Amino acid sequence: MPPETPLLALEGLTVDFDAGGRVARAVDGVDLAVGRGDAVGLVGESGSGKSVTWLAALGLLPSRARVAGRARLDGEDLVAAPRRRLEAIRGRRIAMIFQDPASSLNPVHRIGRQVEEAIRLHRGADDGAARAEAMRLLDQVGIADPRRRLDDYPHQLSGGMNQRVMIAIALAGRPDLLIADEPTTALDATIQAQILRLLGDLRRATGMAMVLISHDLGVVSENVDRVCVMYAGRVVEEAPADALFAQPRHPYTQGLLAALPSLTGPRQRLAAIPGTVPEPWNLPAGCSFAPRCPAAAAECLRTRTPGLALTPEHAVTCTRVLALRGSVWDRRQVAA
Amino acid sequence: MSDRPPALALLAADGLTRHYRVRRPGAMFGRRDLLRAVDGVSFAIRPGQTLGLVGESGCGKSTTAKLVLGLAPATAGTVSFDGAPLPAIGTAAWRDLRRRMQMVFQDPLGALDRRLAVGWQIMEPLLIHRLAGPRDARERARAVMASVGLQPHHFDRYPHELSGGQRQRVVLARALITEPRLLVCDEPISALDVSIQAQVVNLLLDLQEKLGVSYLFISHDLKVVRQVSHDVAVMYLGRVVEQGEADALFRDPVHPYTRALVAAIPSPALGGERRRERIVLSGDPPNPIAVPAGCAFHPRCPWAVADCKAATPALRPMPDGRLVACHRAEATPESRAA
Numbered sequence: 090m091p092p093e094t095p096l097l098a099l100e101g102l103t104v105d106f107d108a109g110g111r112v113a114r115a116v117d118g119v120d121l122a123v124g125r126g127d128a129v130g131l132v133g134e135s136g137s138g139k140s141v142t143w144l145a146a147l148g149l150l151p152s153r154a155r156v157a158g159r160a161r162l163d164g165e166d167l168v169a170a171p172r173r174r175l176e177a178i179r180g181r182r183i184a185m186i187f188q189d190p191a192s193s194l195n196p197v198h199r200i201g202r203q204v205e206e207a208i209r210l211h212r213g214a215d216d217g218a219a220r221a222e223a224m225r226l227l228d229q230v231g232i233a234d235p236r237r238r239l240d241d242y243p244h245q246l247s248g249g250m251n252q253r254v255m256i257a258i259a260l261a262g263r264p265d266l267l268i269a270d271e272p273t274t275a276l277d278a279t280i281q282a283q284i285l286r287l288l289g290d291l292r293r294a295t296g297m298a299m300v301l302i303s304h305d306l307g308v309v310s311e312n313v314d315r316v317c318v319m320y321a322g323r324v325v326e327e328a329p330a331d332a333l334f335a336q337p338r339h340p341y342t343q344g345l346l347a348a349l350p351s352l353t354g355p356r357q358r359l360a361a362i363p364g365t366v367p368e369p370w371n372l373p374a375g376c377s378f379a380p381r382c383p384a385a386a387a388e389c390l391r392t393r394t395p396g397l398a399l400t401p402e403h404a405v406t407c408t409r410v411l412a413l414r415g416s417v418w419d420r421r422q423v424a425a
Numbered sequence: 002m003s004d005r006p007p008a009l010a011l012l013a014a015d016g017l018t019r020h021y022r023v024r025r026p027g028a029m030f031g032r033r034d035l036l037r038a039v040d041g042v043s044f045a046i047r048p049g050q051t052l053g054l055v056g057e058s059g060c061g062k063s064t065t066a067k068l069v070l071g072l073a074p075a076t077a078g079t080v081s082f083d084g085a086p087l088p089a090i091g092t093a094a095w096r097d098l099r100r101r102m103q104m105v106f107q108d109p110l111g112a113l114d115r116r117l118a119v120g121w122q123i124m125e126p127l128l129i130h131r132l133a134g135p136r137d138a139r140e141r142a143r144a145v146m147a148s149v150g151l152q153p154h155h156f157d158r159y160p161h162e163l164s165g166g167q168r169q170r171v172v173l174a175r176a177l178i179t180e181p182r183l184l185v186c187d188e189p190i191s192a193l194d195v196s197i198q199a200q201v202v203n204l205l206l207d208l209q210e211k212l213g214v215s216y217l218f219i220s221h222d223l224k225v226v227r228q229v230s231h232d233v234a235v236m237y238l239g240r241v242v243e244q245g246e247a248d249a250l251f252r253d254p255v256h257p258y259t260r261a262l263v264a265a266i267p268s269p270a271l272g273g274e275r276r277r278e279r280i281v282l283s284g285d286p287p288n289p290i291a292v293p294a295g296c297a298f299h300p301r302c303p304w305a306v307a308d309c310k311a312a313t314p315a316l317r318p319m320p321d322g323r324l325v326a327c328h329r330a331e332a333t334p335e336s337r338a339a
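If you read the protein sequences in the order shown, they are chains A and B.
Numbering (the numbering used here) for the first sequence: 90 to 425.
Numbering (the numbering used here) for the second sequence: 2 to 339.
For the record, the hints were derived by calculation from the structure and aren't laboratory data.
Only a predicted model underlies this, so the values are computations on that prediction, with no experimental measurement involved.
Here a beta-carbon is modelled for each residue, glycine too, at the ideal position from N, C-alpha and C.
Take the hints with a grain of salt, since some may be wrong.
What the hints assert, rightly or not - Partial pick of chain A residues on the chain B-facing surface, computed with a CB cut under 8 Å:
| no. | residue |
| --- | --- |
| 1 | Gly249 |
| 2 | Ala278 |
| 3 | Thr279 |
| 4 | Gln283 |
| 5 | Arg286 |
| 6 | Ser310 |
| 7 | Glu311 |
| 8 | Phe334 |
| 9 | Ala348 |
| 10 | Leu352 |
| 11 | Thr353 |
| 12 | Arg358 |
| 13 | Ala361 |
Extracted from the complex, chain A is given alone in its bound form:
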């Protein structure tokens, strides 16, 4: 295999849901590559398709979802792969953690049993080895006194501790890629900071790649190298994190940043993006952001925008991008 093959490549991934007679397009032709050891952030509002994209790639969607396009893991297409093959990949090559650890853990089994189960499943270890490995993993995710914690039930642990247990379970298969779907959204601020630091430390220690899905631009900006912004099922901007936050080019990305209040400096009225996200069964014909975009031209409403590479690493789907200077939400520009 040539060395430049990415670990995971999504190519034109599309997901349609049959919603009672009408077709809802949740993911609309997503192209995205994750290299070995990469940390990629995926931001977007609810309904942007950021979670569905990965559920589709891993074959975790219900049967009424129709998935098209490809998701290649080391070149092998997962969309076309049979279920048994996917089962061998999920958890072992690609692991996933979710927002609410308490509902992902089984409340009637002890922590140790759940971690050991994952170790036995993915690594075929015997009981003694699994116990030792479970203790090592709990220690690795920063749980103090792991020997005692193995006998605890999830309800005896805090939300932050339970998320650490989920991360330990995800690490059990020594995955090449960890998909973290809003891993800290249900946690308090000081605990969120702990978990994000832990994920960064683990990534550096193990060399695994990570996809961090979040609605929070701040969370993404501090924890990944590259960011994809999704809107209405499409990636509208992709760039290295520094470039994206220093110089966002898509009006939607600019709007997301302008809508965030700041903790310092003068208080300014927030630039709220007007309107709402389009319904997935009623996507606009042209650019899906055009109806809410202050810079939209007639062509934006009519024709779908192709991706435009501003630099080899910075791509944006906006036909007006070259005509725009600065943020479209800057009041001076809107007034002009």
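We have chain A; now place chain B onto it with these hints.
Frame of chain A; chain B shown alone:
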């Protein structure tokens, strides 16, 4: 503690306390522990101003909101509204006052009746408080809907037909229709998307300017709290640990817990925004049943000394007028990164 709230305050809480007796898990003979949900909280909100209440889950901010509205009885302490003590819960005087103090919750869908058109839900408080007849109520509902940015045709819609942002506008309209002087907002925008949050934050500020309504604004999102608040109180395990003017408090937090909260906000490095200090606290917030002796924050505090374990620090004024409950407020390292 003052014996009278300042004459200017619309709402004043003085030594507000709420303790619960809770059964200790697995304890024999029904032994009960004391959970100090709110433990001596004092603040004042002036007319047309906003007090932001921040802290992590379990710090007592939502219980404080209930105490303020008289939805839960206080174990100790007083609440006064417009200079008069809050009447006893359930009395006619309390019900009458309730239309002057309304509440907005986090989840608009949970706060609305799914089987009733939203227009009816907006006019309902007028009918309940007998403030208007049906015809007049409908007219006033349309007026208040316009003021929160809803269209007349939304009147006959059901909650599920509206977006999250529109639903929160409905909840706001219903709270505002009785012309309250105080809105208690408990995480009013946490369930909304970023772009919609900004719409609702702007709306809250516009309404305050137009109507002169006061807000008690509860949120875990410090940036949003700073955007809407004149003053801020930071709570930790039932007590206020720092309280003061919003801009100063967030620009230069003094209490180690406030500093950790501010440091924990992940923030896109926007043009020139200075990299803030990084404090990652170890450990979880302690169980509110077993609050550590002395300063409740000392087990997680990087600057704790022996004193902090021995004596509970009282809120005391700093030179700039803010209140801080920390023995070491003057001794902790300079917080501003040079």
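**Q.** Hint numbers not upheld by this structure, sorted from lowest to highest
**A.** Of the numbered hints given earlier, the structure breaks none, since each of them holds.
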